[in-house]
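Residue numbers (numbering that gives the first Met the number 0), protein chains in the order written: chain W, 0 to 145; chain P, 0 to 126; chain G, 0 to 394.
Hints in this document: simulated from the structure, not taken from any laboratory.
Among these hints, one or two may not hold up.
What the hints assert, rightly or not - List time: in silico BS3-like cross-link candidates among lysine-lysine, alpha-carbon distance up to 30 Å:
hint: 1; chain 1: G; residue 1: Lys176; chain 2: G; residue 2: Lys166
hint: 2; chain 1: W; residue 1: Lys113; chain 2: G; residue 2: Lys45
hint: 3; chain 1: G; residue 1: Lys282; chain 2: G; residue 2: Lys314
hint: 4; chain 1: P; residue 1: Lys115; chain 2: P; residue 2: Lys50
hint: 5; chain 1: G; residue 1: Lys189; chain 2: W; residue 2: Lys59
hint: 6; chain 1: G; residue 1: Lys45; chain 2: W; residue 2: Lys82
hint: 7; chain 1: G; residue 1: Lys204; chain 2: W; residue 2: Lys35
hint: 8; chain 1: P; residue 1: Lys30; chain 2: G; residue 2: Lys385
hint: 9; chain 1: P; residue 1: Lys30; chain 2: P; residue 2: Lys50
hint: 10; chain 1: W; residue 1: Lys138; chain 2: W; residue 2: Lys82
hint: 11; chain 1: W; residue 1: Lys19; chain 2: G; residue 2: Lys182
hint: 12; chain 1: W; residue 1: Lys35; chain 2: W; residue 2: Lys82
hint: 13; chain 1: W; residue 1: Lys59; chain 2: G; residue 2: Lys176
hint: 14; chain 1: G; residue 1: Lys189; chain 2: G; residue 2: Lys336
hint: 15; chain 1: P; residue 1: Lys50; chain 2: W; residue 2: Lys135
hint: 16; chain 1: G; residue 1: Lys202; chain 2: G; residue 2: Lys182
hint: 17; chain 1: G; residue 1: Lys204; chain 2: W; residue 2: Lys113
hint: 18; chain 1: W; residue 1: Lys19; chain 2: G; residue 2: Lys189
hint: 19; chain 1: G; residue 1: Lys88; chain 2: G; residue 2: Lys314
hint: 20; chain 1: G; residue 1: Lys88; chain 2: W; residue 2: Lys113
hint: 21; chain 1: G; residue 1: Lys189; chain 2: G; residue 2: Lys202
hint: 22; chain 1: G; residue 1: Lys227; chain 2: W; residue 2: Lys19
hint: 23; chain 1: W; residue 1: Lys19; chain 2: G; residue 2: Lys208
hint: 24; chain 1: W; residue 1: Lys35; chain 2: W; residue 2: Lys113
hint: 25; chain 1: G; residue 1: Lys182; chain 2: G; residue 2: Lys336
hint: 26; chain 1: W; residue 1: Lys113; chain 2: W; residue 2: Lys135
Said to hold, decoys possible - Chain W residues, not near chain P, derived (Cβ > 10 Å throughout):
hint: 27; residue: Gln12
hint: 28; residue: Phe25
hint: 29; residue: Leu33
hint: 30; residue: Leu44
hint: 31; residue: Thr57
hint: 32; residue: Asn70
hint: 33; residue: Gly71
hint: 34; residue: Pro81
hint: 35; residue: Val91
hint: 36; residue: Ile93
hint: 37; residue: Pro95
hint: 38; residue: Lys113
hint: 39; residue: Val122
hint: 40; residue: Leu123
Ideal placement from N, C-alpha and C gives every residue a C-beta, glycine not left out.
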Amino acid sequence: MTTTEELISQVLQGLPVQVKRDRRIFIAVPRDDLIKTVNILSSELNINHLSTITARDTGKEIEILYHFLLNGVVITIRTMCPKDDPTIDSIVRIFPGAVLYERELNDILGVVPKGHPDLRRLVLPDDWVGGYPLRKDWKPPQESEE
Amino acid sequence: MNCGSCNGCDIEILAALIPRLDVERFGVLLKGSPRHADVLVCTGPVTKQMKERLRRVYDQMPEPKFVVVVGQCGSSGGIYHGAYGVEGGVDTVIPVNAYIPGCPPRPDAIADGLIKLLAKIDKGGKP
Amino acid sequence: MGRVKLPIGPQHPALKEPENFTITLDGEQVVDVDIRIGYTHRGIEKLMESRTYTQNLYLVERICGICSYAHVVNFTQNVEDVLGIQIPKRAEYIRTLFLELERLHSHFLWLGVAGHEIGFDTLFMYTWQDREVVQDLLEMISGNRVNYAMNTIGGVRRDINEEHRKKVLEGMDYLEKRTAYYKEVAVNEKTILARTENVGILKPKVALKYSAVGPTVRASGITVDIRKDDPYASYRETPFEVITTDTCDVLGRVVVRVLEIFESIKIIRYLMEHLPSGEIVVKVPRKIPEGESISHTEAPRGEDFHYLRSNGTEKPERYKVRTPTMANLPAIAEMLKGAYLADVPIVVAAIDPCMGCMDRVLLLKQDSDKAGEIIDGDQLRAYGIKWYAERGWKA
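For reference, chain W alone in the conformation it holds in the complex (with noise of 0.2 Å):
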């Protein structure tokens, strides 16, 4: 265990904490927790390094996934959203960097982070009418007379 590990197990007791492997740790909490955790990364651990946010379809819910680093750490945090109220409370007033990433879970899989200041398309065309991709259940759009 490296020292950063040690002070990141001090810095989270009490906290469902799950370690992976070395250099590898998983907090799950549920979505009113979101902030509070992420602010004792902030705050406590001085950690400053979003490295992306990933979400995914588990079928009923969205799980939603918020990578840091820390000294070669990658500490995770997993929440979920269910899939008929698909909102979460945005990052981006603690982690700047996390603008995009939130753009991008809207974009593609319809998740809404509250209070972000710019939820405009990141990577799908203008014009697209398709739905959300990376939904398990998203079908492609039905081909035009082509």
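Use these hints to put chains P and G onto chain W, whose structure you have.
Quick look at chains P and G alone, frame taken from chain W:
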């Protein structure tokens, strides 16, 4: 024109301009604007976002004009065939005169394809 | 001039992927920047869910033609992690060799592109000519100049023989001499200095605030390099330094990359001189057990981050890729604020975008919605060169 490529083909096209191969000696010059070009070289599968722009660039070219596709993706969508962001090969959007296959084709193959096209144009036919 | 909105993009005739910047100008200075990407969005992550892991090896390679190998290493490392297997040491060394050869070709490529952006086409021709040495080595060992298809899950597919080893070392000797020359040019050539010194400032606080990566942040004094922080392949063994400078400008980004070339040469020499014998691959099952894994590498442009979620079948459940350029886009917006229009091409180029440089520039007057003059990318580049020439700097 990069229509959505991974850059592999674009880099090999540029590599055909450097002294090692130097296609300029065959009379091929890289131009920045479609209005000054005779040949449009396209790379990449045409993404849905680029489809209209590709059409517009083609329309801006003065006659006579020719289109060369470099790489598998431009020819048929290549490895991205079936991806939701991809429209298809370049010929699903504009007419194509020559295809240079490869992933990516070597600079020599690109030069070879361009020269073959130029030779056909010189002979007076529409390739 | 008043405030003018200037959409820049989205296609460049010969280089890289397109993107679109809408720049608000006040006179000749940039006041605000808005970024639109997605012109090369192909839908790869979704496509990966319908292909087997073996098929995905080839798809992942083609996320980007310049740092393709970094992507493949991440992919294979993720799958190997879920499988819980260790690849043979010789395979690790060969992977590291290719990772560093890729860094070399990418940094030489970038030097040429940067030279071109400021009107220094001779630099472009020289660096790309030297880059051919790397391309020849890549082709000699793997069979291709781009998209090397070297990896498989469990190791590498091709081995290195004695002749390859010798040629690689000869290539390194040659490139070292050439890079020493570029180092001299970079810090002494007046035009380069004029175009890059104090241009595109990125203060360390801002770099960290926006989670930027790679040489871009190392030029702002931030010591972060995944090869050192979270070593993978053979990086725990190979001696090298993480290069930083603290000038926070485009010149710093040039210097960091040039010095990184020397470090890559050092690493490659070590690999070739200490190459362990043994197997290059271990057998793996077709079905990958349920699990998840994270792998990230220090690609030439910065941290390349991959996440895998597997479900026990031969196709991935979910695959996520975050390329380094995406991480640097918010920081670019900050760097361009306060910059002169003439500096826009080189500041954007300085993050080494794996997505376009701009080409088409459309001038829109603030109080009308009709488009004004259309200027193409060559003219914007030429504008920058002329602007500096009028102030006494000619390439």
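Hint by hint, here is what the structure shows:
no.: 1; hint: Lys176(G) with Lys166(G); verdict: holds, 16 Å
no.: 2; hint: Lys113(W) with Lys45(G); verdict: holds, 25 Å
no.: 3; hint: Lys282(G) with Lys314(G); verdict: holds, 18 Å
no.: 4; hint: Lys115(P) with Lys50(P); verdict: holds, 27 Å
no.: 5; hint: Lys189(G) with Lys59(W); verdict: violated, 62 Å
no.: 6; hint: Lys45(G) with Lys82(W); verdict: holds, 19 Å
no.: 7; hint: Lys204(G) with Lys35(W); verdict: holds, 23 Å
no.: 8; hint: Lys30(P) with Lys385(G); verdict: holds, 19 Å
no.: 9; hint: Lys30(P) with Lys50(P); verdict: holds, 21 Å
no.: 10; hint: Lys138(W) with Lys82(W); verdict: holds, 17 Å
no.: 11; hint: Lys19(W) with Lys182(G); verdict: violated, 44 Å
no.: 12; hint: Lys35(W) with Lys82(W); verdict: holds, 23 Å
no.: 13; hint: Lys59(W) with Lys176(G); verdict: violated, 60 Å
no.: 14; hint: Lys189(G) with Lys336(G); verdict: holds, 25 Å
no.: 15; hint: Lys50(P) with Lys135(W); verdict: holds, 27 Å
no.: 16; hint: Lys202(G) with Lys182(G); verdict: holds, 24 Å
no.: 17; hint: Lys204(G) with Lys113(W); verdict: holds, 26 Å
no.: 18; hint: Lys19(W) with Lys189(G); verdict: violated, 52 Å
no.: 19; hint: Lys88(G) with Lys314(G); verdict: holds, 27 Å
no.: 20; hint: Lys88(G) with Lys113(W); verdict: violated, 48 Å
no.: 21; hint: Lys189(G) with Lys202(G); verdict: holds, 24 Å
no.: 22; hint: Lys227(G) with Lys19(W); verdict: holds, 21 Å
no.: 23; hint: Lys19(W) with Lys208(G); verdict: holds, 28 Å
no.: 24; hint: Lys35(W) with Lys113(W); verdict: holds, 15 Å
no.: 25; hint: Lys182(G) with Lys336(G); verdict: holds, 29 Å
no.: 26; hint: Lys113(W) with Lys135(W); verdict: holds, 23 Å
no.: 27; hint: Gln12; verdict: holds, 44 Å
no.: 28; hint: Phe25; verdict: holds, 30 Å
no.: 29; hint: Leu33; verdict: holds, 29 Å
no.: 30; hint: Leu44; verdict: holds, 37 Å
no.: 31; hint: Thr57; verdict: holds, 20 Å
no.: 32; hint: Asn70; verdict: holds, 32 Å
no.: 33; hint: Gly71; verdict: holds, 29 Å
no.: 34; hint: Pro81; verdict: holds, 25 Å
no.: 35; hint: Val91; verdict: holds, 25 Å
no.: 36; hint: Ile93; verdict: holds, 31 Å
no.: 37; hint: Pro95; verdict: holds, 26 Å
no.: 38; hint: Lys113; verdict: holds, 27 Å
no.: 39; hint: Val122; verdict: violated, 8 Å
no.: 40; hint: Leu123; verdict: violated, 8 Å
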